[in-house]
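Place chain V on chain P using the hints.
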Amino acid sequence: MTTAEQAPEGGPTALTGPGRAHTALVSPDSDAAAVHGVKRRRSLLDRPYALASPLLLVMALFFVGPLILTIIVSFWEYTQYSIEPAFVTTNYQDVFYQCVAKLPNLCVTFATYLSTLKFCFIVWAITLVLGFTLAWFIVFEVKKTSTQIALFLICTIPFWTSNVIRMMAWIPLLGRNGLVNQVLMSMGIVSEPQEWLLYSDFAVILAFIHLYTMFMMVPIVNSMMRIDREIIEAARDAGAGIWTIALSVIAPLCRPGIVIGSIFVITIVMGDYITVGVMGGQQIASVGKTIQVQMQYLQFPIAAANAVVLLGAVLMIIFAMTRLVDVRREL
Amino acid sequence: MNERGRRYYVLAGIFTLFVLFLYGPMFAIFALSFQGPEGGLTFPMRGFSTHWFSELWKGVGVVDIWAAFGRSLRLGAVVSALTLVISLPAALAYRIGFRGATLLFYTVIASLIVPSIVVSLGIGLEFRLFDDWVKEFIVGHQTSTGLFSSALGAHLTWTLPFGLLILLAAFNRFDRRYEEAARDLGASPWQTLWLVILPIILPSLIGIGLFGFTLSWDELARTSQAIGGRNTLPLELRGLTQTVTTPAVYALGTVVTGVSLVVIGFSLATITLIGRARSRRGR
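Note that the protein sequences, when read in sequence, are chains P and V. The opening position of the first sequence corresponds to residue 1 in my numbering, with each subsequent residue numbered one higher. The opening position of the second sequence corresponds to residue 1 in my numbering, with each subsequent residue numbered one higher.
These are calculated hints, taken from the structure and not from any lab test. The beta-carbon is built from N, C-alpha and C at its ideal position, and this holds for glycine as well. Worth double-checking, as some hints may not be accurate.
Claimed, not checked - What the simulated footprint calls covered on chain P by chain V, stretch by stretch (three residues with Cβ under 8 Å from a Cβ of chain V suffice, anywhere in the stretch; the number is not a length): (1) 52 to 64; (2) 90 to 101; (3) 111 to 117; (4) 136 to 148; (5) 185 to 195; (6) 291 to 304.
So that you can see chain P by itself, here it is in the shape it has in the complex (with noise of 0.2 Å):
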């Protein structure tokens, strides 16, 4: 059983088999053992296991393994040179630093999730709205398959290119100088450049509206066409006017995709350091940011407390929206 015993190299083997097999085609005995009664060898392909096993190493290792080594080394202690094994809590008192204590008044932390939560809902709400409204157009106002098909594709490319490319293409436009400033000065409809176009609030935002959409609109397209056309003609015929089809029918029916595209949405931007730190200009803080910075000077035990921290408030909202959700189907 060489095969089996390959197994965690299970893609090499898949590539080297099928020759093997090519060699069988040619064999007339393998057709006449089975006409025999003589058992079948046992092959690789029926051993789930095995065939599952790179996929689980690759997890164990570069996953899981990691997830459980932050945990721990949340614990341990750290001099300006190491990090050393224990079992301390300073680091999440650190990350906590007078959080309760100067209440009302926000601590750091506080004030940077409350921040991050603020990027978080805006940007939610608007590619909820924006995907749906963009999906509605490709499901079930254009007729032909293959115009549908076109218009996604159109949607999803550049989902496929560089991130950091498509955050630096809003500098030339939304810069002092740039493209936009200039237009709205020859118009006359300001007289001096705008500031807050760029390295701002206003800029992070944009350009996670131009980023995320598509991760929203995706799969509110793949719950709206599995959509029945005919309830929409029931709930027509019954006198239901649009707005009353689009949330009171193809809303909940579009939930499943609302809740993929939304923890996507969510997850992206509360963990996100690159788009608030590009198009902020370095300015704004966010938890990913403050992650970052603390590995940058390798105080890995405080940055791991933060990346728990962070963690447990992504699966908080994920847990919080699923249960929405689901409260509000019962009602």
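This is chain V only, laid out in the frame that chain P set:
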């Protein structure tokens, strides 16, 4: 919804505006990368030239852009191949079913939605602790982080979920009767895989392989803390946006995007061609 009423035109208008919003800034970058030699980072363009591409060719700043280009290219190729070679057997395992299949599935999904910075930090930590441990045994050991260890792993946590999900969807639509027919005719499992299953799911496989490449080619957040000393192209590019103040940085943006678009175009064209060939043969 049978007639093209006002709603159709309003929505078509919104869609068109969104597409302009999506592509407009990108075109600004492409246009400005052909800026004349005297031109700057903003409009108006002063002439039209390929000056900044030749500047780019000579190298920008202190970093070796072309070395980073090569690194990204090699890493992308390896990530793409591994994504295929790991997600295909895994998807086959899901067709058989096994204990813990659900847990593994949720782990893969979690890998997609846990914030990149957390994954990146974890991998960085893991390799750091591993290095500390190795140093006790091997004098002079520097680091195990690198392109084909930590960065490769970081990229796989991003590409494998896509690979698995695409294949599970493909197998969802798969008509098992083809396979049963092959088995009834005496085909071995390998023959069934090679001659029946793989040709049917070929478009999905091409998609996974080539999109695996572009995902890796453009990946930034997961690599940033997990790569060690040497950078990939997106990381260099991010650095350059803060230091380089000539349109050469736009020229680099155009080149990077060009590679992505060529790969996407190539994969979409191949998938379409396979589809056409099939419908012609009446499969």
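Of all the hints numbered above, which does this structure not satisfy? Sort the numbers upward.
2, 3 and 5
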